[in-house]
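Enquirer: Position in the first sequence (first residue = 1) + 1 = our numbering.
Derived by calculation from the structure, the hints in this document are not laboratory data.
Because the structure is a prediction, the values reported are computed rather than measured.
Label-pair distances were calculated between CB atoms; the ranges are:
#1 R128 / T68: 36 to 42 Å
#2 T122 / L149: 16 to 22 Å
#3 R128 / P158: 33 to 39 Å
Note that beta-carbon positions come from the ideal geometry of N, C-alpha and C, so glycine has one too.
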Amino acid sequence: MGAGRGRRSALTLLEFLSRPAVQVAPELLGATLRVVSLEGAVGVRLTEVEAYEGIEDPASHAGRGPTPRSALMFGPPGVVYVYFSYGMHWCANVVCRPEGRAGAVLLRAGEVVEGEELARTRRPAARSARDLARGPARLTSALGLTGLDNGADLLDPAGRVHLRRDPSPGAVCSGPRVGISLATDRPWRFWVDGAPSVSAFRPGVRRARA
DNA sequence: TCGCTGATCATCT
DNA sequence: GATGATCAGCGAA
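Work out the full structure: start from the sequences and follow the hints.
Expert: Have a look at this one:
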């Protein structure tokens with residue numbers, strides 16, 4: 002923690018993640034998430050995230066109080082929350098706030114900065130490097146995270162998931178969250194201005210009934 | 001490049 | 001029984 006580097010660097014990772022997701026999310030931009038496996042390591046520099054809070058946030062998995070799935074969001078911070086989406090994709094969050102208060106930051110997009118070859122084998126459909134981790138399910142897939150990693154502890158140096166913050170991510174933009182149909186007025190999506198890996202904005206649409 | 005659609009199942013009402 | 005923090009593939013422009 003050098004002098005003059007801002008408040009973010011002065012906080013320990015635990016203190017950093019103990020705050021509300023809305024505060025953590027924009028400062029997570031530029032950070033690198035690194036996942037080590039038997040196949041190798043993949044590192045992704047985050048360019049887009051979304052904040053989800055607790056019972057005060059209807060769009061959050063924790064919006065109706067703890068359920069078997071969302072219980073992790075009410076647990077201690079620094080834990081990875083991985084959930085199964087649309088019957089086929091995994092999406093990853095970083096849990097925030099002290100135990101008992103729910104909050105999480107959804108990892109929406111990033112740039113692969115380590116292990117690109119391994120990421121490509123996991124994402125054969127990607128047409129270009131920027132497509133490797135463009136979108137929450139793609140990002141999670143490129144990193145090799147699945148439900149087996151649900152509950153993994155970022156604060157454990159011996160664990161296989163690590164987070165390295167970056168004090169200077171560049172200009173940060175914010176806007177409405179993607180793919181939700183509740184609380185769409187909250188500008189809790191944050192991204193690095195101009196980053197090519199930022200996913201396209203799509204409003205949440207309810208599927209028409211058959 | 002844009003827009004639409006099918007795939008597919010855990011979770012919650 | 002309906003919904004959803006999505007993606008890939010396709011056809012049209």
